[in-house]
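Input sequences plus hints: build the corresponding full structure.
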Amino acid sequence: GLVLLAGLSGAWAPPSVDAAAPAMVLANGCTVALDKTVAPSPLVIDTEGQVSLSVQADCERSQAPLRVVFVLDNSVDMGGPRMEGLKNAVAIVPEALDLSRSQAAVVVFHNFAETLTELTSDAAAIVDASKRFFPRQGHNVTMGLRAGHQMLLRARAAAPAPGVTEVVVLMAAGANDNGPDELLAEAA
1 GLVLLAGLSG AWAPPSVDAA APAMVLANGC TVALDKTVAP SPLVIDTEGQ VSLSVQADCE
61 RSQAPLRVVF VLDNSVDMGG PRMEGLKNAV AIVPEALDLS RSQAAVVVFH NFAETLTELT
121 SDAAAIVDAS KRFFPRQGHN VTMGLRAGHQ MLLRARAAAP APGVTEVVVL MAAGANDNGP
181 DELLAEAA
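Once you know that position 163 of the sequence shown is 163 in our numbering, the rest is easy, because the numbers rise by one and skip nothing.
No lab work stands behind these hints: they were computed from the structure.
Remember, it's a predicted structure, so these values are computed and weren't measured experimentally.
Check before you lean on any hint, since a few could be wrong.
Restraint-style ranges between C-beta atoms, simulated for each label pair [claimed, not checked]:
(1) 91 / 47: 22 to 30 Å
(2) 122 / 50: 29 to 37 Å
(3) 120 / 82: 21 to 29 Å
We treat Cβ as the ideally placed atom computed from N, Cα and C, and that holds for glycine.
What follows is the structure, given as structure tokens:
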């Protein structure tokens with residue numbers, strides 16, 4: 001897994017690149033290209049801005065089967081344009097995944113975690129989940145991660161599937177209410 005912890009002060013802008021970032025070729029034959037943008041640039045800390053990260057992959061063979069649990073921040077820290085961007089991102093998940101082979105789930109967290117949809121291959125259920133969350137008080141990232149992990153464990157026990165890759169995608173706007181140590185212990 002990948003855990004990214006960052007502390008920022010002052011202003012930040014992505015490194016300028018004259019040419020597009022070179023694509024990486026993975027061992028499975030997929031070509032992956034990464035891109036990042038920030039607006040406004042430079043982004044001054046304590047001001048509103050948008051940071052976009054994108055990953056594009058081109059694979060010669062079909063997508064490997066996935067079980068993806070999206071653990072999403074629906075605290076007041078995510079309110080406004082960030083919340084709308086998050087909802088839009090969830091709504092296009094069915095377009096990005098091969099749901100004939102894969103499943104996705106949506107869990108949101110604030111003071112506690114809520115499952116908006118269990119792991120499913122139903123595109124309509126995933127899109128519906130994208131419309132059912134809104135900012136609430138609290139920021140218990142640990143509860144969200146725990147709920148996502150438990151969902152994968154239940155799916156694995158109910159329907160073992162060799163060759164399925166299990167992924168938890170965490171999207172959070174702020175620090176865990178109970179501090180970073182609890183969060184790091186949960187991720188371990």
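Original post:
Taking the CB of residue 120 and the CB of residue 82, does the distance hold inside 21 to 29 Å?
Top reply: holds (25 Å)
**OP:** Could you tell me whether the CB distance from residue 122 to residue 50 stays inside 29 to 37 Å?
**Re:** holds (31 Å)
Original post:
Could one say that the CB atoms of residue 91 and residue 47 fall in the range 22 to 30 Å?
Top reply: holds (28 Å)
When held up to the earlier numbered hints, the structure conflicts with none and fits them all.
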